[in-house]
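With the hints as constraints, model all of the structure from the sequences given.
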Amino acid sequence: MTPLVPQIVIRPEIETAVGEADHGEVARQLTLWEKLVDMDPVRKFSILILLMVVWEAYTQLSGVSELILPKFSSTAAALWAAITGEQLMIMVWNSMKILITGYVIGLVIATVLSTAAIMTRFGSDVLSTLTAMLNPLPAIALLPLALLWFGLGSDSIVFTLLHSVIWPVALNAHTGFMGVSETQRMVGRNYGLRGLTYVVKVLIPAAFPQILMGLKIGWAYAWRTLIAAELVFGGAIADTEGTASGGLGWFVFSNQMDMQIPHVFAGLFMVILVGVIVENVIFTNIEIKTIRKWGMQAQ
Amino acid sequence: MTDGAQAAAGVSSAAAAVDPILDVDGVTLQYKTKEHLITATYRVGFKVYPADRFVLLGPSGCGKSTLLKGVAGYMTPVEGNMRLKGVDIKEPGPDRVMVFQEFDQLLPWKTVKQNITFALMNGGKCKTQREADDLAMQYIKKVKLDRFEDTYPHMLSGGMKQRVAIARGMAMEPDILLMDEPFAALDALTRRQMQEELLALWEDTHFTVLFVTHSIEEALIVGSRILVLSPHPGQVKAELNAHDLNHGNMSSPEFGELQTKIHDMLFADRILEDELQGEDA
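Protein chains in written order, with my numbering: chain U, 1485 to 1783; chain B, 781 to 1061.
No lab work stands behind these hints: they were computed from the structure. Heads up, some of the hints might be wrong.
Stated by the list, open to error - If you only want the chain U side, here are some residues facing chain B, beta carbon under 10 Å, derived:
1) G1676
2) T1681
3) A1690
4) M1780
From the three backbone atoms N, C-alpha and C, an ideal C-beta is built for every residue, glycine too.
Structure representation (structure tokens):
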């Protein structure tokens, strides 16, 4: 007896003339609601509003002390007062000045280090040893030493910022360089590109997704370090260089000393706001104009 | 003497009158992996003449890609020498432009046109950006990609990317165009179309090309002369003529005969290899 195996069923051939059949709408305009729900900022902003409502409702209903947890409305009022009457924006700018100084110098040093690392074996050894040694060290732990070397002042904070920028940026750039595809390297060398021009024209753009990630991490580390440094030593710096030269961390610290808790919250809110703006406006824009445009974001 | 042999003799005597563009003589190439020192080719020699569509054909492991990298200047032979127009090949240079199999050979941060002008400007072919733009557009039109000149590579299909890479290679007008299995990653329909386009482009200017493939069919269609290599390490088995074979006469007896002949040459090795492995076991 033969086992039962499915057999081919031979059917007539079919050819269809594709005409204007009644397949309904091919393209339909989205409704306003559908468009709104698809917009990232709209959805995220609604979550923020929800949080504010919960915050306000809880503080109103539970009667918790303003010294423990101020109402959302008093925090907002304190923020407004600080911006209009207490030069909060100038303090933000003071912080940003120090941050930008540290960030830019840090980037230059990181660029030199990672370029040396990709061009020579000695450079690569130096970078990996230094990173392995210094990357785990929290930048803020260097501040006491920095104060000893550079004295009370913004120079000490810049020094600690350097530490928090250089290692993540150099490490990511180096990883990026190492990951550039062999084909793209060969293409670059095929046109006779050598040395520094090869690094600038081929390696840096090819490794840009990793480099950008390093820049973001470096920025985030630097911002945290700066605020922490100002919280701890900002008062001393403000004393030596005049109160108006204090930064955002100092604003939070001094208000806590004065038991102005809504102001403390307002200061913290400002710290978050600056971080969010840099991350979501500046870096996201760089990303859109570079790696997303080039289709390199999937790395 | 058969007709085929006479034709072959005619071709070789005509070639003797001109100097070869590329002279590879007794070249042994080795590279290191983590564990082994691999001899990729052993004392391989061949000469490429102007207007040749010279194909390096062999199974994987015959060192054909390594050989091409040697000619490109990415590898130095441990024995023998390679001369381009009588000058020893020492390092990569724009006189030998390479077209790779991988789609990422286009720089993703540059548009189609910028990819070509980047090569022209840095390779020293063009002095001004304007000159480079004009030349780039000329070659973009040749590979039928006008309208796409400002597109970034990630928006292009695989076949289009390879066309850009070929346009870039040709725009450089190198002494010899090196192609490392440029159509291997394409689907069968696109591959055939690309082979036809490449031959049509060749008809225009008769540029010299050194083409690596592992497909016998592709070698016969694209190549005018075929170097058959044996694997592990790559050694020359034969150098054959295929200048009258193309898509048009794929069903002719000559095409089939040569295909069978090469197949037998390569297949004989595989039987031997199987036997050797049988002995090992």
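**OP:** Closer than 10 Å between Cβ atoms is the bar; does T1681/U clear it against chain B? Give me holds or violated.
**Re:** Constraint on T1681/U satisfied, holds at 8 Å.
Original post:
Going by Cβ atoms only, is G1676/U closer than 10 Å to chain B?
Top reply: 6 Å, holds
Subject >> Cut-off 10 Å, beta-carbon criterion: hint that M1780/U touches chain B >> reply: 5 Å, holds
Original post:
With a cut-off of 10 Å, does the beta carbon of A1690/U approach a beta carbon of chain B closely enough for the hint to hold?
Top reply: OK, holds: A1690/U within 10 Å of chain B, min 7 Å.
Hint check: no violations occur; every hint is consistent with the structure.
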